[in-house]
Amino acid sequence: MTEQHNGQSLKEKLSARMSHIKGWGVDANPKNDPTYPMRKRFDGDHMTSWGRPAQQPGHEDILHSNERPDVTRVFGTSAPVSGLSGMIRRCAFKYSEGRFAHWLLLLAADRVNMVEGFAQDICHGRATNCITDKGLKAKWKYDRNTVVTQAAVGVAVVGVLALICLRRHRLPQRGFALVQHAFHQPSRLENFLLHSKNLMDLSRHFLRSKI
Amino acid sequence: MLAMNYRGPGRVRASHKPMPEILHPQDAIVRVTGSCICGSDLHLYHGNVPDTRVGTTFGHEFTGVVEEVGPEVHNLKVGDKVLVPFNIACGRCVFCKQGLFGNCHESNPEATAVGGIFGYSHTAGGYDGGQAEYVRVPYADVGPVIIPDDMDLDDAVLLTDVVPTGYQAAEMGGIQVGDTVVIFGAGPIGIMAAKSSWLFGAGRVIVIDQVDYRLEFAQRYAQCEVYNFRSIEDPVLFIKKITDNLGADVCIDAVGAEAAGSALQTFTGRKTLMQAGSATALQWAINSVKKGGVVSIVGVYGPTGNMIPIGNVLNKGITIRANQTSVKRLLPRLIDHVQNGVLNPKEIITHRIPLQDVSDAYRIFSDKLDGCIKTLLIT
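Those protein sequences? They're chains A and B, same order as listed.
Its first residue numbered 1, the first sequence is counted upward by one per residue in our numbering.
Its first residue numbered 1001, the second sequence is counted upward by one per residue in our numbering.
No lab work stands behind these hints: they were computed from the structure.
Among the hints, a few may not be true.
Unchecked claim - Cβ-Cβ distance ranges computed for the label pairs, FRET-style: (1) R144/A <-> E1233/B: 45 to 55 Å; (2) F100/A <-> D1152/B: 17 to 27 Å; (3) N32/A <-> D1336/B: 21 to 31 Å.
As the list claims (entries may be wrong) - Take a look, some chain B residues computed to stay more than 10 Å from chain A by CB distance: (4) V1065; (5) H1074; (6) D1128; (7) D1212; (8) Y1221; (9) I1242; (10) F1267; (11) T1268; (12) G1292; (13) P1303; (14) K1316; (15) V1342; (16) D1367.
Stated by the list, open to error - Under the rule of at most 20 Å between Cα atoms (straight-line distance), these lysine to any residue pairs were calculated in the SDA-like manner: (17) K40/A <-> D1367/B; (18) K22/A <-> L10/A; (19) K1017/B <-> T1243/B; (20) K141/A <-> K1097/B; (21) K1097/B <-> M47/A; (22) K1017/B <-> K22/A; (23) K1097/B <-> I122/A.
Note that the structure is a prediction, hence the values are computed from the model and not measured.
Ideal Cβ placement from N, Cα and C applies to all residues, glycine included.
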């Protein structure tokens, strides 16, 4: 009822201003608002400023969307930007939220950040945690078949890749020989010997046909 | 203190982090008594949400005890048992005044499209979440609600997100008496949306998923029809056939970016991130709803874009309604429903796992192992 009352009072207020528009608001009905009851209408619906709370300190280094004028009054401090990923993130925030570049750069930064995390782990001697971090203990306990299958597929894929690498390692020698053969420029002596051989073959062929 | 620590896609661990501090006069520090893993945490866990930084603590569904309050906090005192809505809201901006607490404009510097959310990447403000022993709660006078003495803590923790989100999904559907409601996803939110749909007078509630044990649970808990889309060649056609060839009055997408069921959507949305998640459920919802019907979206997607049949939205005259849940707005009504026995959310908690085993907890929840519906982390 309060919402209806507020809606009504706003309508009354605006109808005076809009009296020059014939029929303004005749069908207005808060219940017909597709956002009802999610959005509670009130007289300040179109306010653009409000009594802002105090600013949380340390906001100078917080990245913020360029679609807002400044940092919000509170913000999270879970993982400050740092390293190469931080540089990429700073670059991302030069683009607005409507640009793909903004989000794709952030995703790229996340992947770089993951590698930074690996390096951090190794520095702290925690590289072995990769197995436990993935919760493979639980996976092994409840879904052993999948673990075995995935491991077998992994081994097979690595095996095939290793084979391909080995073949590629050999192929260049063979390939080099073929290329050398195709593009080899014969020397004068080689040309002379080749022509002589062709001439002898031709004479032999001619003599045989006459006989 | 012990806290969940994100290390990269598919990798989390429990590790020691510094205690949170009061950083703003309206902050409170809460000692966490229980926190849940949410289906939307899996989007972070799988590395699909941009600006998810290594070292972040997830967790936006938690209850706890107030340990410390800032000088401008008047509604809470040390020792209060509180449930903390997942939205961080200032209570003063135009959106909070309109009851849109999920769209607060004073809690997330990194993006304007979404308000601040506990433990949900820097795209949602960069706050550490509640999968920890302690958590900083900004704007503590606005969000947290004191848990009634007669309320079970398991019910309370589910009132921070699952119950309100499922309820709002049904509410946004604008369900009218006798409507047929189809819900995509039999996770905790989908199950709660099914349960809530009846409260709005639905005549028929149908849940679609691919995991049999979850469908069985949904059928038992929410007394709804359930179908496994793996046994159906074309889910949209199937829904049309069981709704007099017209489609459902209301379709609810309770899956979001992790949806299965379409190789193209899975490849482009989940495997290669060429779109902001796999939009299979949303695609089915749009195509399955009746002309002039309503599609309600509570499944979470990334911020870039998705392949959905927007032409069909136009041609069918569909209304799409979506939002992050305004938990605070709904809490009074939902607390009543829980206290009156209309809703019994704690039944969906199937796993209680200590915080130090958080990596196993995520694996169990993510891979749907051991019949898992909802995981509660115990600190």
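Comparing the hints with the structure gives:
The given range of 45 to 55 Å is broken by R144/A and E1233/B, whose C-beta atoms sit roughly 32 Å from each other. For the pair F100/A and D1152/B, the beta carbons lie near 46 Å from each other, so the given range of 17 to 27 Å is not met. About 27 Å separates the C-beta atoms of N32/A and D1336/B, a value consistent with the hinted range of 21 to 31 Å. No beta-carbon of chain A comes within 10 Å of the beta-carbon of V1065/B; the shortest separation is about 22 Å.
Annotated as non-interface, H1074/B keeps its C-beta farther than 10 Å from every C-beta of chain A; the closest such distance is 13 Å. Not every C-beta of chain A lies more than 10 Å from that of D1128/B, the closest at about 4 Å, which undercuts listing it as non-interface. With a least CB separation of 15 Å from chain A, D1212/B remains clear of the 10 Å interface cut-off, as annotated. Interface exclusion of Y1221/B from chain A stands, the closest Cβ pair being 22 Å apart, more than 10 Å.
The non-interface label for I1242/B is consistent with chain A: the shortest C-beta to C-beta separation is roughly 28 Å, beyond 10 Å. A cut-off of 10 Å between C-beta atoms confirms that F1267/B is not in contact with chain A; the least separation is 17 Å. Interface exclusion of T1268/B from chain A stands, the closest Cβ pair being 14 Å apart, more than 10 Å. Every C-beta of chain A lies more than 10 Å from that of G1292/B, the closest at about 13 Å, which supports listing it as non-interface.
Its closest Cβ contact with chain A, about 6 Å, brings P1303/B to no more than 10 Å, contrary to its assignment away from the interface. Distance check for K1316/B against chain A: the nearest CB is about 16 Å away, which clears 10 Å, and the non-interface claim stands. Against chain A, the non-interface label of V1342/B holds: every CB pair exceeds 10 Å, the least being about 19 Å. Residue placement check: D1367/B does not keep its beta carbon more than 10 Å from all beta carbons of chain A (closest about 7 Å).
This hinted pair does not check out: K40/A and D1367/B have alpha carbons roughly 40 Å apart, beyond 20 Å. Among the hinted pairs, K22/A with L10/A is consistent with the structure: their alpha-carbon atoms are about 18 Å apart, no more than 20 Å. Taking the CA atoms of K1017/B and T1243/B, the gap is near 54 Å; set against the 20 Å cutoff, the hint is violated. For the suggested pair K141/A and K1097/B, the alpha carbons sit about 50 Å apart, so the restraint of at most 20 Å is broken.
Taken as a hint, the K1097/B and M47/A pair is honoured in the structure, with Cα atoms around 10 Å apart against an allowance of 20 Å. A C-alpha spacing of about 65 Å is found between K1017/B and K22/A, which places the hinted pair above 20 Å, so the restraint is violated. The suggested pairing of K1097/B with I122/A is violated, with an alpha-carbon distance near 49 Å, which exceeds 20 Å.
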